[in-house]
Structure formats: structure tokens, C-alpha cells
Amino acid sequence: MERTIYREIRATPQVMQLGGLLAAFILAALWSVYTVEHHGHVITGMTNQIVWGLPHVFAIFLIVAASGALNVASIASVFGQKAYKPMARFSSLLAIALLVGGLAVVVLDLGRPDRLIVAMTTYNFSSVFAWNVLLYNGFIVIVGGYLVLQMMRKVDPRLVKAAGLVAFLWRLALTTGTGSIFGWLVARPGYDAAIMAPLFIVMSFAFGLAVFILVTLWLFTLSGRIFGDALLIRMGRLLGIFAAAVLYFTAVQHLTNLYATEHGGVERFILRDGGIYTLLFWGVQVVIGGLAPIALVFLNPSRSSTVLAATLVIIGGFAQVYVIVIGGQAYPLDIFPGFDVIEGFNEGIVNPYAPSIYELLLGLGGVAIALFAAGLGAKVLRVLPTNLSDANLPADR
Amino acid sequence: MTNRAELTRRDILKSGAAVASLTLASGVTLMAFGGSADAKGADAGKRWGLLIDAGKCDADCSDCVTACSTENGWGHGDHGSPETDPAWIRKVTLKEQSTGRTVSAPIMCQHCEAPPCVDVCPTGASMQRPDGVVLVDKHICIGCRYCMMACPFKARSFVHEPVADQKVNAPRGNGTVESCTLCVHRVDKGRIPACVEACEQAGHSAILFGDLNDPDSPISKALEQYPSIALRDDLGLNPAVRYQNM
Amino acid sequence: MIMRIALLLACLAAPVWAGDLMPAIPAATGDPHPEGNDYMRRNHMEMMKHDRDLTLRQGDRDIGASLGQCFDCHAVEVAGEPVGYDNEQHFCRTCHDYAAVKVDCFMCHTSKPATDIHRTMATADEPNSIAAYLTRVEGAEQ
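Going down the list, the protein sequences come from chains A, B and C. So that you can map any letter, position 168 of the first sequence is 168 in the numbering used here, and since no number is skipped, the others follow by simple counting. So that you can map any letter, position 98 of the second sequence is 98 in the numbering used here, and since no number is skipped, the others follow by simple counting. So that you can map any letter, position 130 of the third sequence is 130 in the numbering used here, and since no number is skipped, the others follow by simple counting.
Hints are computed from structural coordinates only; laboratory data are not their basis. One or more of the hints may lead you astray.
As the list claims (entries may be wrong) - Here are the simulated lysine-lysine pairs, BS3-like style, with alpha carbons at most 25 Å apart:
{"no.": "1", "chain 1": "B", "residue 1": "Lys-167", "chain 2": "C", "residue 2": "Lys-49"}
{"no.": "2", "chain 1": "C", "residue 1": "Lys-112", "chain 2": "B", "residue 2": "Lys-167"}
{"no.": "3", "chain 1": "B", "residue 1": "Lys-167", "chain 2": "C", "residue 2": "Lys-102"}
{"no.": "4", "chain 1": "B", "residue 1": "Lys-189", "chain 2": "C", "residue 2": "Lys-112"}
Looking at chain A on its own, in the form it has when it is part of the complex (with noise of 0.2 Å):
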């Protein structure tokens, strides 16, 4: 294969239009934060039974897309697939990109989001959300300096393929951490699992690599280069082992849950009697973000295959997020086992949500700054190959 060309791409009205149109979602999702800073939580649609709403599904699905964004460069430096070297750069960028994206609908959401310096400097270390602070800012640094020397000329690669390793192993922590946000939280029988960590691992390979593919693709046609078919269906088909393995784990997960008797109640809620949650559930996260792609990239593999592959388990990795998020807190605490609540507000029943705009608005203006921070980064920095055609694939498979 030729050595590859890194450039900038051009800016040309498309990318300055779509830019503008990121930006423009950017300023919606200010405004959302600066009213509801003003009047308070009040007028959004979480409350005190469900405490974490629709921008916490956007920035969980955002940060779990960028650790797993990480591993088209991880595949290439630590596990010595060549054909992926050329992408390794923007998926550095990228990951960066999405987690600060998914970072910023976090903490523009704080009741206090003024205290971001004392969430910093203050740490409780027996939290994971601590951790999670710490891990999701040295992810940024050392993703950063991951990127620096595969951009520096002279530089020994086996440096730069240590810096990958490292690099794969933080994100490893990170994705970690994030699922044992849930997974150790004692109190919520659809969280209190250890398999949430090792299930989050798996969706972020799935999801990091579905962003990855549909942003790489869509860079390409902006700046008018080739993104080869052999590498796109060898991708797709990398997606598909991927969804599968988020299937297997989720299907431990629930098979685990329905065996023991004391969570009956909340799997029967996911899997049968939970209204939207069901209907996330089956139809969307198995079959959509699932079976579906599963089938496309293996019994059809294609071009077109792959891109609705990956936009398949982005819609799925969605509502499972959503059903993590928010099933797990609609379904009620069992406080007093053996008994029916019969007078008492918001006991034992079922807690309803319904976002809000506010939210709504919040959670894309996340998109839309990682997709923007991604794209002005292509623009500025020399991270995006000029040529990913199969003529310039490497000769190993």
C-alpha cells in the first residue's frame, strides 16, 4: 500500500452549512441549560422518583461511543491490524470528541453546574463517580498525547504503540467505571448486577464502532475521498461480531436476573409488562439494534449493508441505554416487601417520565458538540486519510 496522506479537509459550504447547523444546536441546548438554571428543574420532565432523565441516556450512549470510538486505533497499534492504522488518528479524535460531548450534557445538567471546580478538586474515593471523574479527564489526556505522537514525525513507533496500549487499557477502566455506576448501586434490583461493567465494555465496542463508521463515511463524501468496500464490509462485519456480543451479554444479564426469584419483578417489568420499556426492550434494542444488523452485515454484506448496520445499532444502543437509564428507575423500590402500598404518593407504582424539551435539547447539543469538536478537528488537524480505496489496502487480512 502507499504511504498514507493525512490532510485537513477543505471548507467547503456543505461542511461550513453543517457546521452552522451543529452550532445552531449548540446555542439551543445553552439556552435549555440557562432557563433551567433560571427556574430551576422544575420544568424539566425528571423529578424526584426519576432523578436522571433523557440527557443522562445521551451522555451515557456518547461516553460508551467514545471509549469504543477508540478501538478503530487500538485495533490497529495493539492488535497489528495494518488495515486500520490509517483510521487510527481520527479515532482518537474521536473518541475525544464524544466524550467531551457526553461530558458536557453531564455536567450542564448539574443542579450546580457552577461547582464543576469542587466536583475536581473534591473527591470521595469510595465513589465510582469519583473515579469516573478522574478516569474521564485522564482519557482526554492521555487519548491526547496518544494522538500528538501518532501525528509526530521521528517518532519510534514502538512508542507510539505503547502509548495505544495504555491508551486501550484506560479506556478498559473507563467503560469499566461507567457501567459500575449502575452496576454497584445495591439499592435498585435492575442495576445491581456485576455484569453491568463487562456489558458496558461490549457496547461500547459496538456502539464506539457504529459512530465511527457513520462519521468516518460522512467526513469522506464531505471531502470527496474514497472510503473503500472491502474495508467498510470487513468493518461491518467487525460491527455485527460486536452486536452479537452485546446480545450475549444481555441475554446473560436478564437469564441471571430471571433466575433469582427477588428479581422477578423488575425483569417481568423490562421483558413483558413495562409498556415503552417493553416495547425499547424487545423491538428496538434486540431487533433493531440486534438481529437486524446481525443479519445485514453477515447475510448481505455491502456497502449500504454496513452504513444501515451502524445506524441500526446506534438507534439500538439508544433505547437500551434508555431502558437502563430510566426502566431502572420507573420500576418502583420494593421498601416493604410482603406488603401493598395502599396510601402514599408515588409508592410501589410504576414512576412515569416524560422528557422535556429542555432535555431534548441538552442531550443533542451533546451531539452536536462532538460531532462539531470531531469535524473542526478533521478541518484543522491532519487526522483523516486522503485515501482509504481497496487498491490501498495493506496485503494481510
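Please arrange chains B and C on chain A, whose structure you already have, making use of the hints.
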């Protein structure tokens, strides 16, 4: 140097009286139950707790809720809905599935010995005092609501609206999390919590307050004599609030 | 050249002009602080921060600088009523508006003088004291 033989009974009596009056003087405003009478503030030797007799609790009475909201300044002037209004304490009426028996009781922060909310708080705002009372340090609370996710008892509330005219003893503000403080502002000054006082004044005396670490306190004796349960006992949190006749 | 002289004169005259711009701090009642105004102006934040942790985390209420005690002397009344932080004549606002330093305390704390707090330990004769309560409870048991 005093010759041991010269220490008369009078000397002993005098020194004994001096010691006794000193002890009494320092302890005159603090009952010497568990821990030391001289301790300033939260005494690690004490563990404040409540024993709630659901048998004495009247399903139609919510005086404890009213007293708490008046004492601490919540629940008035909120424009939101019941889903977002704070509830430091709430009344529930339960029906036993197997027998049909109904019972009523107030639920508030259980002030666990191993509080999950304290474990999960990223900044350490959710904290436990030396005397076991679990509080929110609203100076460093960032309003992330993770403690609300972690609490098995739904004891914590998030302040969803800007607050004005707070009570001096209960600072509370928009964007932070709050819950029952066991009225530490009263307890530290030697007074009983507002809910305990209100329940007594309503004639039920269903909430018994005291020092769990003092074996001679009424609450410890009651726990020793009569069966009681802790909510969500299976979690092993050892709450300071226990329920009788539930 | 003329510009330079004009600017020089303006700078020399500035202290005179600045006299009108200094904040008009409302007079306090009660005894002055033993540490002196300068010390309090520089250090009141640190003092409050140190004592707040003692009170909140240790339950030590026997401290020198409770917010309620500040307002014993530093309350400003307008039309007979003490004003809160939302009014620009509030004691803290006069300096903090001038210095453009936001005060976070009153998001949670009330900014008016305390009227119904318990400043002293309860005595055993007060019915809602722990001592009296325990006597009643022990009596009821027998």
C-alpha cells in the same frame, strides 16, 4: 508529700464531693447517656436513632410531616407537582398481602450505619456525622443526584425550584439534594426532633427518640425487649431507624 | 501633547472622583469586631468557611462566626423591615456589588436576621428538651 496514713475519711469525702459537683456542673444541661457529657457537638460515643411503633401510628394523622415541613421550611410555596416537591418525611399506609392487615408509618432517612448514599457521593457532600446522623453538606453538593439513585428508601429529595425565605436552621437551595437531618440543629442544642415532638403532642407518641449506644436509654431497652425490624434488612445497612408492629 | 496633559490631570484627579464611587457601607449595631474591620474584610470568607465545616461535619455550634450571628449587628432595615440579599441595600451587597464578587451563601442560607433559632442549650425544664422528654418517656413506661 502527704503520708498515706494521713488521708482521712474527710479528705476522701471532700474530694469525692468536688469530683461529683464538677461532673454534675458540666453535665447539668446534657444528659450523660453514652459518650461524655463534655463533648462539643456531635459525640462519637452516641448514636441517635428512632423507634417507630407502627401500632401507635394513626393512618389519618400526618402531624410529623407537617411539623418537619414547618421546622425546616420545605413543602410551602413550591409551584411544582408532587413528583418534584421535596419530602423529607412521608406517611405510608401498607396492606399485608398475605393477611390483609393494614398498618401506617412515617418513612424518612434511615440514617444507616453503612449509608450507600455516602459511599456514592462524588464530592463527599453526602456525609455521616460522628454520632451517626447522615447529612448533605450543601456547600459542596453539585446536584448530581447519584445519592438519590443509591438510596433504597427514596429518602432524598432534589430541590427543583429556587427557594426563598429559608429557615435559619435549615439552609436549603435550588440544585442541591436534601433529606431528613434528624433535626441536628435541635438535637445539638439538647432538644428532640420536630417530628418526635409533634407525634407526642398529637397524643400518639409513636416515634421514640434516643441514643442507641446507651444501653439504659428508653429506646435501647425497648429494642431489647420487643421485636423490631429495619427496612430492607437484607441490605445489611443497619439503619438507626427501626420499626415495631409493622 | 494636549491630550497627554489632559490625561495626566485626569489621573491626578482620579482619587477625588473615586471618593464618590466607594461603597457606602451601612453602619452596624453592637460592638466592633476585636480583630478590626480590615482583618474582617480580608478574612471573613476564610473564617466562615472554617467554621461551617466545624458546625456541619462535627456538629460544633460553639463557634465565633455563625451567619445568623453576623446579622445580629449587620442587618439593614428599610421601612422597618430587614432586607434580604435580593435588595441592593443588603449589608453584603454593598461591598460585593462593588467588588463584583458573587456571594453563593444566600442560595441556601437566609439573608435576614435569625428570629427563631435555638442559641442556647435547652434546659431540663423546657418540655421539648431531650432531658424532659426522656423523663416523660421513662415515666410512661412505668
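Given the hinted pair Lys-167/B and Lys-102/C, is their alpha-carbon gap at most 25 Å? holds (22 Å)
Is the straight-line distance between the alpha-carbon of Lys-189/B and that of Lys-112/C 25 Å or less? Given that 25 Å is the threshold and the Cα spacing comes to 22 Å, the pair holds.
Given the hinted pair Lys-167/B and Lys-49/C, is their alpha-carbon gap at most 25 Å? Given that 25 Å is the threshold and the Cα spacing comes to 20 Å, the pair holds.
Is the Cα-Cα distance between Lys-112/C and Lys-167/B 25 Å or less? Holds, at roughly 10 Å.
Against the hints set out earlier in the document, no violation occurs for any number.
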